[in-house]
Amino acid sequence: MDLVQIARSNLEGFRYAGTEVALCVLIVALLLSGVILPFRKNRRLFLIISMLGLALAMTASLKQPGAGKGVRYFADLFLWDSFSVFFKLFFVAAAAFTILMAQMNREVEDYEFNECCLLVVSVTLGMVLLASSVDLLMIYLAFETMSLLSYLLVGIRFREARGGEAALKYVLYGAFTSGVMLFGFSLVYGLAGTTDIMEIGRILNSAHMAGQNRALFVLMVLFFLAGLLFKTASFPFHIWCPDVYEGAPTPVTAFLSVGPKAAGFAVFIRLFYTLFAREVGDQGFAAIEQVDWPAIVAVISAITMSLGNLSAIHQDNVKRLLAYSSIAHAGYLLMGIACLDKLGLEAVAFYLVVYLFMNLGAFAVVTAVNNGEGGEDIRFYRGLSARAPMACVAMAVFLFSLIGIPPFAGFVGKVFLFSAVILKKYYWLAIVAAINTVISLYYYVRLIKAMFIDQAEVSFEPRVSGVSYAVIGALALPTLVLGVYWQPLAAFIESIF
Amino acid sequence: MKNFAFNVFVIITLIPSFWVALSSNIVHAAFSLFFTFFGVAGLYVLLGADFLGVLQVLVYISGILVLIIFGVMMTQRAQMEHISTRLPGRFAGAVLSVLVFGGFMVAVYKTAWPKLTELPEPVPTTSEIGNLLLGKYLIPFEVASVLLLAVLVGAALIVRQSVRKE
Amino acid sequence: MNSLTTYLLIAAMLFTIGLFGVLRRRSLIAMLISIELMLNAASINFLAFTKFVSPDPATGQIYVLLIMGVAAAEVAIALAIIISLYRWLRTIDIERADRLRG
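Residue numbers (our numbering), protein chains in the order written: chain X, 3 to 499; chain U, -17 to 148; chain Y, 88 to 189.
Just so you know, the hints here were simulated from the structure itself, not pulled from any lab data.
Incorrect hints may appear among the rest.
To be verified - One side of the interface only, derived from the structure: several residues of chain Y facing chain U at Cβ under 7 Å: (1) S114; (2) L124; (3) G156; (4) I164.
Built from N, CA and C at the ideal position, the CB exists for glycine as well.
All chains, please: the whole structure from these sequences, using the hints.
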């Protein structure tokens, strides 16, 4: 392409990059309003600005591409297709709920609220770019934008050593795994001679690669997995997760457990299903011959969910418990990726949406309990239902949904995942997942029992504000509705793959 | 002449890098890093990336390395070593590294890399990089600037908090 | 001597040394330094491939440019956190910072 063509492509790209532009405008608006001193501690102002900006970003991403393979924009570095639109909407929604939770949260102090919003929006920008980029260079940059800024978000709370310690661990593990992944990128670039992943996918899957030696492909797949498994908090790169989730402010924890995790899955699907697999027929994919990566992913998925659920059993800290639960859920989601067909991918996307609502909801209740004189330990939850009945009922809804009990959305998500796995004849994986669901019953129900049956140990007044109730309600409603009326969402998701 | 330069750069890249990984004295490790960065800059130049060679010296040696040495000096007496990292032990680490390197040996030698038959003459690349940064890679360039801006804000926030504490 | 495989082996060695350093080291700054070695190894790979493989001679150089930017940001973040953690530990006088264990 010559320069004129590129300039035209860059200009035309703005038609498809509405979400990114809206987020950039929001970042600038937050930055400028943050330096005006009288506004410095005005949480409501920053909340309104953020919500307006995110609403703008949401409307900008609503435009649906038609059928076909989508449109390349910004000098072919990005792809505008239903897949990226779906994830853009997802990330903007996650950011909106996070900022609402941060506004009502007292762990984030007034003078840091502006920066907190700014960082959440910047991480969202990184995730949105990640969902739509189809060039190794851009994927790396967007991945690092998302990661580096989430390290900073974790470090926001520095009134306790553990906040800094958590952030430090997160940075070191993150820098390590992304360095490994980058080395994998360099090998792929060398093998294909280009950075466009569609082109690389064609080259890697072509016949003349079949004779290539396996060692290189094994290394490439393992290096890619290192970065992606870290982001999704899966075995063997899950060790940071409980510490970071416990040490970070609760809204940030909620955001990390949903946003970057889903972004990890998005880029996982994008990279592995483009580079290391090719479409076969209408519904299926075939992995490259050199490495049987679906089997590796299936094994990792089984280990991840078992490890997450078994470690969660002993946890008395609710945030740590939810951290292990989120590791377990990463395991469930990996099952869908191992399936290597469209049914599995649809199940992953559906489960991610459900997970967005139920997991953010659980963390919203934790935030609300933290706000009074309460804490994160399970003893603060004993007998809580007498004092905050609505919050406890909502928490029960979220937890039942996380287990996957029928009238709630989590059940439908699990049914999709399990049916995809069983149709693919991964019976052992389905059995492991079923056993894990039973194990998870124990620790979720233990928390529910603590809230409704146990006697109160600590007497404190939970101060759940009106905004908190609104947020919790807004998250509980989809968790209930999607459990009985899931067809529209399922139909929408069917159209994106 | 070129081969001689190549050998020298390889030696000053690789030998100090062992020190970086092995030395128990963190100041020695940081100082060895200086040689490694310098050797890598030389390799860049031999690979036809003159601009990046200079940038390596400017960014890595006078930026990143100075920052690291700053960090080493400021936190020298702190008991930071005790933060548990819970990575695999030394033996497992050594085994893993040897395995990875063995994999590389096989991969590098056995792979038929799609080599160009005719290598183009090395030319100064600065103007080409400029064209690409303002042309095809304009958006990544802008994204990188947003990233750096947000990092600036966030890092200032973190450090400011501990100042407030004092 | 001066061929693609030589450069790839140098990069592989640098990467492995960095990997070993990260796994072996217990000191945080030393881990950070080892990670820098790994990033440099990846950069050498990119430039070697750009010279010997890619028909388009400057793409890899843009890549390395961005890696440098990201690495600098990464080090800045890590050191900001290390220094404030250090200050925190010094002022509050807690002997150790390993209260989080999982």
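Checklist entry - Against chain U, is L124(Y) within 7 Å by beta-carbon distance? => result holds, 6 Å
Next on the checklist: Quick check on I164(Y) please, does its C-beta sit within 7 Å of some C-beta on chain U?
Outcome noted: The hint holds - I164(Y) has a Cβ within 7 Å of chain U, the shortest such distance being about 6 Å.
Checklist entry - Holds or violated: G156(Y) as interface residue toward chain U, Cβ cutoff 7 Å? => result Holds: closest Cβ of chain U sits about 5 Å from G156(Y), inside 7 Å.
Checklist entry - Given S114(Y) was flagged as interface, is its beta-carbon under 7 Å from a beta-carbon of chain U? => result holds, 5 Å
Every hint from the earlier list agrees with this structure, and none is contradicted.
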